[in-house]
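Asks: Given next are the chains, with one letter for each unit.
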Amino acid sequence: MNAQSAIERIKPRSVDELRETLARCDREGLKVGVTGGGTLASLGLPGAPADVTISTTMLYRPIAYHPSDLTVAVQAGMKLRSLSNLLGKERQFVPLDAPHANEATVGGTLAANWLGPRRHLYGRPRDLLLGSQIVLADGTVANAGGMVVKNVAGYDLSRLYVGSFGTLGVLTRVNLKTHPAPAKTRAFLASVPEGARERAIAHLRETFPAPSAAFWVSGFRNAVDGEDGDEGRLVVLLEGSEALVDRATRDLRSTLGRAGVPGASVLEHGSRESFERVVDAYVSTVGERSITYRVLAPEDQAEKRAMELQRLAFRFEFKADLIVDAMNGDVVMRVVDLDARSLGAKIEMFDDALHDVEPSAVVIAGDHPSRATLNVWGADPPAIERMRALKRRFDPNGTLNPGRLAGGI
Amino acid sequence: MSDALTQRLIEAIGADSVKTSPEDLAVYAFDAYTEGRPPNAVALPASVRDVSAIVKIAGELGEPIVPRGAGTGLCGGAVPVDGGVVVSFARMNRILELDLPRRRARVQPGLVNIDLSTKVAASGVFYAPDPASQRMATIGGNVATNAGGPHCLAYGTTVNHVLGLEIVDESGEVFTTSIDDAGYDLTGALVGSEGTLGIVTSAWVRLMRLPEAVRVWLVAFADNESAAETVSAIFAAGIVPTALEMMDAVILKAVESVYHAGYPTDAAAILLIEDAGFEEDMNARESAIEAIAREHGSLSWRTARTKPERDLLWAGRKGAASSMGQIAPNYYTQDVCVPRSKLPQALRFVDEAAREHAVTVGNIVHAGDGNLHPLLVYDKGDPRQCAAVVETGNVILQAAIDLGGTVSGEHGIGYEKRDALTRVYSADDLATMGRVRDVFDPTRRLNPDKIFPSGASCAEMR
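Here the protein sequences line up with chains A and B, keeping their order. This note's numbering numbers the first residue of the first sequence as 1 and each following residue consecutively. This note's numbering numbers the first residue of the second sequence as 1 and each following residue consecutively.
Fair warning: there could be bad hints in the mix.
[To be verified] Chain B stretches covered by chain A per the calculated footprint, using a threshold of three residues with CB under 8 Å from any CB of chain A:
no., segment
1, 5-12
2, 122-132
3, 136-150
4, 178-184
5, 236-243
6, 395-409
7, 421-431
These are calculated hints, taken from the structure and not from any lab test. All C-beta atoms, glycine included, are put in the ideal place defined by N, C-alpha and C.
From just these sequences and the hints, can you work out the full model?
Replies: Listed below in structure tokens is the structure:
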């Protein structure tokens, strides 16, 4: 079968069905594209054309939830929104914070190692994962970890699957740590004059109690609500007990006042939605005219590096929308060519120039047809050959999502 | 072969860095769990280059490598089973880089855990993983076992605090990993691999801000069950303290005789609870926890008001295992973890097993994590007692599995528990772990006879 033939699309309803499908494809030399909700499909390389696509979305059921254990086990195809609804009934949550929670699956979010804005408090996806079940390319079903919060019985392979983009196997079950939900959530929105930006971001980082999330957002007008003038604005999420959030609000007002930020509006209702809109903006696109990069900068460098990247984008006559995550140091930049229907060859030149200054910049969104010609994963990690060896040992026939990961793994 | 080995090692790293006398070698046959066989040589590298040279020489001579921190491990992870070279990190114990603005440090594997927190305390930060052995245990050893400690309830275990590693592989090549790397999370896979996938020569670790407010409470109960149920009720109320430890009467008496920490010796069990955070929250959280304890029949509630008071209560807890010498010549520490809500049942099983085999047991429990350490007391000169302790430990292990738990919460598998792994993982599960080993240690020379079941070599190698 080749790319011109009809692609077989399968949504297994059981682990057995998935296992049989994978084993058959592996035997017959068919390439398998693995997806969850498809919300992060433009993160990373597109990969080789698939003969068969497998979506985990029919594996969506809860498996075990014991609120007083602070753990939950679900099938990997469960939607993030369903998970948060399930846990919300018990006033708990899992801080994965991936975009488009109505569509994104838990397994896909883990497989893509989505780095959410609250990770400075709660850890990365790998820190939330206690155990997993995976189906390997040859149909082997393998469990790792368990349903306890401390576990050093053998290798913790679950962590290896986080960020593997389905190239080692297909996640079917995930066991996660849950957290008690904060009693109070408040969003804090403020326009920031250009002269105050650097200080404001620096002060936010040092605020104690730390905000759960703090962004400086410039542009993304269609994605993020509110008017920000031309200079960008802050979106800050405060969470905790009522008393703590009150204190954090007072501290934040005075901190930002000192930094030269004139006024702010405080949202009680809709604060979660404001936060989610920023997260959705990370992967929002402008047709085929935009590409979005993410750089993981040291927290104290993020603002400076964001400005450098913006200047670079301007040199190429791109519009540049920016999100700076003050707490984690992420810089997200969406470059848009307003004059063209789609990004032309110019984006490739820009991509080279960008990686000259930010070798590890990763493409996280963009429907540009020749996205694969960009350096979407940035520089290869130092241990790339060991990663290739792992791929060969787990998937010797190169069946699963070939070419999707860094280094073309 | 040993002569050639000694000669080559001396040429590579110097005579004062190689130990080969029988007395020296005998010392390195032990860890805190057991005695293995003396190695053929002990090497004390001073640099990553030394480590690389040692591994290459051992490879050429077909000698296994056993990395070693302080030897405080409780499952035989650092004992040589079949000769080879023990690589002791005693001389690689420095902080290489300290980046306080970004709250991170790069440390050598031989750095003693507590030394890192002590060194940075004045800057308002600390290194969170705090195994009870932290005054001796090294960060390299902690990385190997993914060590926990009382405060990992709130802060997570070692893996949650390691940002990147420098590793010497089985061929002597050096490579680095970072949690920010694209591709597979090799950092996450290597932490907890007990020296079987590579030898850590430095680690970037995360430092955390010291909390603004800390309170420690000591709560006494008339029985284990009430204490354990209090723990579940605290979580059910949506409260996760920073530490939630339990000790029973046997332990309390032993600790009190050594530390005079003020533990009530007439209680059947105590909870040692620490909550750290912000002043605003402290009173409300204290009232809520106290009310829950009262509902579950607590006998007394004591607040440690000053730092010295808090430190004394913690010193007692961290010295609890070593205090057991007061009541018996020998003890065996079991380490199992169950889902939190199963703690009352698990403790009942421990009690029944000990009674049935006429073994005295003292319980130290990381109650907040469901992580039990029953200490089984015996006299190693008495074969009946030895057999009874082995059997009791075994029953406890099975009870934890039956309750949905696991065979090691934080000490590791090492040499001791490798056959127990088959009780929680299928042959396919273990073979999948074996695939990772195939990539990093195809010749099985890195800490052989650890983690993988002794009879599993076929499955593991397939």
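Asks: Could you run down the list of hints and mark each one as holding or not?
Replies: Hint by hint, here is what the structure shows:
no.: 1; hint: 5-12; verdict: violated (count 0)
no.: 2; hint: 122-132; verdict: violated (count 0)
no.: 3; hint: 136-150; verdict: holds (count 3)
no.: 4; hint: 178-184; verdict: holds (count 7)
no.: 5; hint: 236-243; verdict: holds (count 4)
no.: 6; hint: 395-409; verdict: holds (count 6)
no.: 7; hint: 421-431; verdict: holds (count 8)
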